[in-house]
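Take the two lone chains, each set in its own frame, and fit them into one complex as the hints suggest.
First to last, the sequence lines map onto chains A and B.
Under our numbering, the first residue of the first sequence carries the number 1, and numbering increases by one thereafter.
Under our numbering, the first residue of the second sequence carries the number 506, and numbering increases by one thereafter.
Bear in mind the hints are in silico, worked out from the structure with no lab data behind them.
The model shown is predicted, which means the values in this text are computed figures rather than measured ones.
A couple of the hints might just be wrong.
[What the hints assert, rightly or not] When the alpha-carbon atoms are kept at most 27 Å apart in a straight line, the in silico DSSO-like pairs for lysine-lysine are as follows:
1) A:Lys-53 with A:Lys-341
2) B:Lys-777 with A:Lys-370
3) A:Lys-362 with A:Lys-341
4) B:Lys-630 with B:Lys-777
5) B:Lys-777 with A:Lys-341
6) A:Lys-341 with A:Lys-370
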Amino acid sequence: MGGAVTQPVLALNGVSRSFGPIEVLHGVDIALHPGRVHALIGENGAGKSTTMKIMAGYQPASSGTIAVDGQTRTLASMGEAEALGISMIHQEFNLAEQLSVEQNIFLGRELKRGWLLDKAAMRAKTRELLDRLQCDVSPDRIVSTLSNSDKQMVEIAKALLRDIRVLIMDEPTAVLTRTETDILLGQVRRLRAEGVAVLFTSHKLDEVAEIADDLTIMRDGAVVWTGPTAQMNEHQMAEAMVGREVSDLYPPKDGTPGEMMLEVSDFGVPGYSEGISFTLRRGEILGVAGLIGSGRTETFEGLAGLRRAEGQVRIKGQPVTIRHPWEALQHGLAYLTEDRKTRGLLLDKGMGENLTLLALWKFTRGLLDKRAEAAALETAIADFDIRGSQAVAVGQLSGGNQQKLLFAKTMLADPEIVVIDEPTRGIDIGTKQQMYQFIRQLAASGRAIVVISSEMQEVIGLADRILVLRRGQLTGTLDGAEATEDAIVRLAMGVGAATPEKETV
Amino acid sequence: MSATATQPRKIQMSVIGPVLALILLIILGALMNPNFLGWNNISNVLSRSAFIGIIAVGMTFVITAGGLDLSVGSSAAFIAGLMILVMNTALPSMGVGVPIVLLGMAVALVAGVAVGLINGLLITKLGIEAFIVTLGSMGIYRSLVTWLADGGTLSLDFSLRSFYQPVYYGGVFGVSWPIIVFAVVVVLGEILMRSTAFGRHCAAIGSNDQVARYSSVRVARVRLATYVMLGVLVGVATIMYVPRLGSASASTGLLWELEAIAAVIVGGTMLKGGFGRVWGTVIGVLILTLIGNILNLTDFVSPYLNGAIQGAIIVLAVVLQRANKPA
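Only chain B is shown next, with the shape it has when bound in the complex (with noise of 0.2 Å):
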């Protein structure tokens, strides 16, 4: 019963876990197909990764305070609809140049932030659960994206969208301006979470909020902040995003919530809230989409299995996760 017994520090398998499952991953895609290690296809992969993965940093944060956002997806849709709208009605008073573009990022990231606060506010403010909120904005800008496209698909103007497309395929150094900025986010993130008292506050609020209460943090104030932060990065995703394909429908985004929420998951972040890992997030991501890269570049398995191993793939880690946990 007491406690002088000095644990020795154990190899946990949640942390040890998803590096293992990755490094086979990697081992596994290389023996079965010789591009798999080329730069095309790690180029590739890194910058497919770097959407969800941008999110999934910032619900890392969500998740670690104790909450949940659901709205991701879709907002990031809506998001990718607005900027669209805005730039091509603003393209015959700017025209094509780096102005438009500029204007384009702002309104991005502006309604991050607003949509960020709209359900950090609901869920601190009025005291509704985080699920409930975000199931409900998810809906919302889900359908304001159909209602913005009229059921169809908003297009970015041709000659924008050529001027825009380097951010998406553009680079230096032939490294990809998404995996660029998919490295900041996570490195600033892993600073953020494991070296600053915001860090060190979300966690507590996530692992009982009223003791972060009764130890003077401020705890709705750190739970809006997850949420801002949350919607900055996607919006800095959709700065990504939309180049790529030059435009937004109802099905932008779709299930990328789940995506992002799965990648936290696997990484070992708690989904209950109380320790989350940023590092952990990006094996994550990196696990996920490699099982779809591997499925398409071999005829093993069906490419349409992936969704099913992806599941599997969440479960057991939740599964490792549990089996560790101290009696």
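The shape of chain A in the complex, shown without the other chains (with noise of 0.2 Å):
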């Protein structure tokens, strides 16, 4: 894969992009070599999404060029830019979930004898994609019952149908778990060697390590490094991002344990989990670790009320039933939803309106008092360092930003025991950094805290208990300070010690 002195199939010079008075990119410059695989880091707001944008004639550029083959174009639209080989493939796909599989590679493009469907071509030229792929999905398959990673397959086979020199991949493996990002990776590696220029963003640094040839980083809308990935460590790409150090990502372990807050025993949720005991005191942050479908999930949204459970909960000491959100609570425990955008957040609606919502008998006395809300909303967002426009919905929000407000709204019902799961899903390093500290920070106020990740970096270093549960039952309790990823994993895998499969997502 040498030969630099190749010309870029496709490269932005000096791009910049303004929103009204605001320029958010300033004089970017990009190039992407066929055949060779580029990554493109940065915070979330650093301007990647915008520039893949640009690139696949998504957005126009304000001032700058962009050369197709070494010649500068203007792809006035994204139809433009794929009559040229320019495909970009969305972070939340672009799928209809009721078609089959074979109906959505030929989405708009299909195949036509005459009036009529030439089925007898499709099926043919999908089963001809989808085996490039070495995808072995039946075409009939629809789209809803495939798992993540066979639905970015057809995504991909959806762009092969177009012949395409330019792959661009918004967050690929973000919804993927440890084996679908392997099979994925497995992809774009064939697409390089036919001579496709892959371009992709990611906040998984150890696979852009794994897979890019070339590196891109951005901060604040400007590249500030530029070159081959193999000059870069990923500490020296973290820092590169986020313009400072990031040597202790994770805050001290300082909390003492004080009262007991939460006794859970042979407690699950029907078709999950099943005999979970644990204790959790005040000033502690408890880790959870497991597979999919470890039943992590669906056993903290059962004692969270959120689906029906069995087992015996105390709370204080005090014997307590809950069997729904509400209840939880008015006993003080809320639950953080992994799932911000469906779960967590009113997208359509403003910043205050979703702040309040958990706590909103704070602000009511008979009538709202929209002082006191708006009030609160400024206090969230100096507290949380919420970044972003109060007039926009917050849909439009950056994802660290989304998670930020999620928990100024659950931290603003003021509980005393808060389930977190997932706090740093999708969201970049700086950002990641920040979440760790407002968590140590809760322990340390006193509340009792348990934190849900697939991420095992994450549990070890902020954890100072681990639970690791492995099909809905609890095969061990780790200390936080001598944890490891093989001990977790060997739990999470039930006995046996480190298979080769580490999927631990």
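Structure follows, in structure tokens:
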């Protein structure tokens, strides 16, 4: 894959982009070469998405030039970009969920014989594309029944149908498990071998180091570093992204456990988990690890009254029965969902309405006290460093700011026991560090915290004690100080030590 | 991609559109007929708006919370029939007087609560779609009133009717009772929607009921409350309506559900829920009533085309809502 002398198939030269009076991209240079994988990394809000959208013709550049095969072009629309062999796959899939794989691949470009659909030809072509991707999904499967990685494959097959030369992917692995990620990266290598130029973004730096030939790092709308990936290690990448030292990602574990807050025994959610017992004290952070399907989320949703559950729960020594989320809140227990987009926040509402929804009773004296609500929002924005316009719907905020808002919303209800499911999914490293600080501060202020995470580093770095679940059973409790990834994996996979398949999501 | 850019608050077409349309209609009406702005005509328009308007305020809450109620027209007819039957039956023992009217009103309110509870419980407890449940109850109540009237008309006893009539035709300071009740319902509804936890919860549920559930909102209870509230308002509207004609038949309240839903939508509430505006609904009701009124007062366009113009307005309102959606 040497040959850096090849002419870039797609390049941005000094591209800027303004929304109204505000310039969000400042003179970005980036060049994609055929047969090379290019990673674009940066914190949320650094300008990665805008850069990619300009490259794929979704948005025009305000100034600067775009060159395809060395020739300056204006990509007026995505159709024009597609005609030149440039395709973009979005983070949220663009698939018709109720249609089959084949119907999706040919959506909008159905093959016809006369007036009728040429189903045989489409079937053959679909098979050929899926074979090329070594994907054994049946063309008849309805897309909604596919796993995320298979959906990703269908997206790629859709792009392949158009003889792509440049494939742009926005965080393709954000929703994939480790195994699914490996399959995807295999496909990326295959495309690279075929001479396709691939550009992708990711928050997972190990992945970047593993697959990218070239690397561009953005910060605050400008390129801060670009060159061969081999010249950077993960630590240097993180520092370039954040623009400061990130050595202590996790705050020190200096908490002193206080009174007993939560005692759970023989607890379970039918169909997902059973026989789970643990305790939690004030000031403690309890980590929960386990593979996908281990019943982590379901168990704690059961604890929070979101699912029907069985077993004994005591809060501050008193036996409690929690059947609904508001009952949990009355006992001082709040659950922060892993799914902020469909369960955590009202994406089409503003920050204020979202912030106070959980704790609306605090603002109600017969009528809502809107001034107090506005004051609470100001406080939350300051306390949790939430950035973004208050005038827009929260769906338009970056993932990190959404997560901070969700955090602020939950804390407004003054819970004493906080269950946080995936505190840092899909957010950048700088915001992650902030979230870890918030969580440790909460513990230090006397709250009892549960952190559920599929990132083992996070559980180890943050938790005082770690519960490991496997197939709905508690397989072990580890001390936070002595826990290692290996120990967690052994428990999460069942005995018999580390097997090669380390699926950790 | 960063959302730090503060967007200037644009004047939204969906907010200002219905107001402009109403003003335009008033100017048009005034130009076409000098009597249009006379108190008699205004009073007439408002009184006729009151029935649909009172129901539409309740409908605003149901739709905002992501629901729908198709049964309001036929349940109004059923409640009217029930009221007349009970009052006629009680007449020999109670005689004409305030108590029997109060009894009739109580029957209407209790029946309204029952109608709302049945719809709401089927929707929230059994999880059946609101469209299906209320389509079913729409048929049932329409059929029940036809059966009660034995295919004909249920008429309030003449003496009772004369006694009860002032509730529709009377009023204070020249303002008729239906207008006063409508105004009270609107003011309370506006406060409830804008300034209480209940209104906020309705919008949250309509916007995303999962988020509402995860935010400890009592989703089923709030939904149920919207249907019961609508049921009560249908009862209130019926109390105002019965003294007007003093009868109920299979054609009473026909298509009221569609007029109420149309008024809500024209007023800028989103049909899929998540956002509702009570004052918008009032404007919607007035627009729809005024169109009929203007057609009646002028011979420019045939009044028979009333439905066509109303239909066009409804579609136009939704188009405007669409155009205003952020990309």
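Tested hints:
no.: 1; hint: A:Lys-53 with A:Lys-341; in the structure: 22 Å, holds
no.: 2; hint: B:Lys-777 with A:Lys-370; in the structure: 26 Å, holds
no.: 3; hint: A:Lys-362 with A:Lys-341; in the structure: 25 Å, holds
no.: 4; hint: B:Lys-630 with B:Lys-777; in the structure: 21 Å, holds
no.: 5; hint: B:Lys-777 with A:Lys-341; in the structure: 18 Å, holds
no.: 6; hint: A:Lys-341 with A:Lys-370; in the structure: 25 Å, holds
Of the hints listed earlier, there is not a single one the structure fails to meet.
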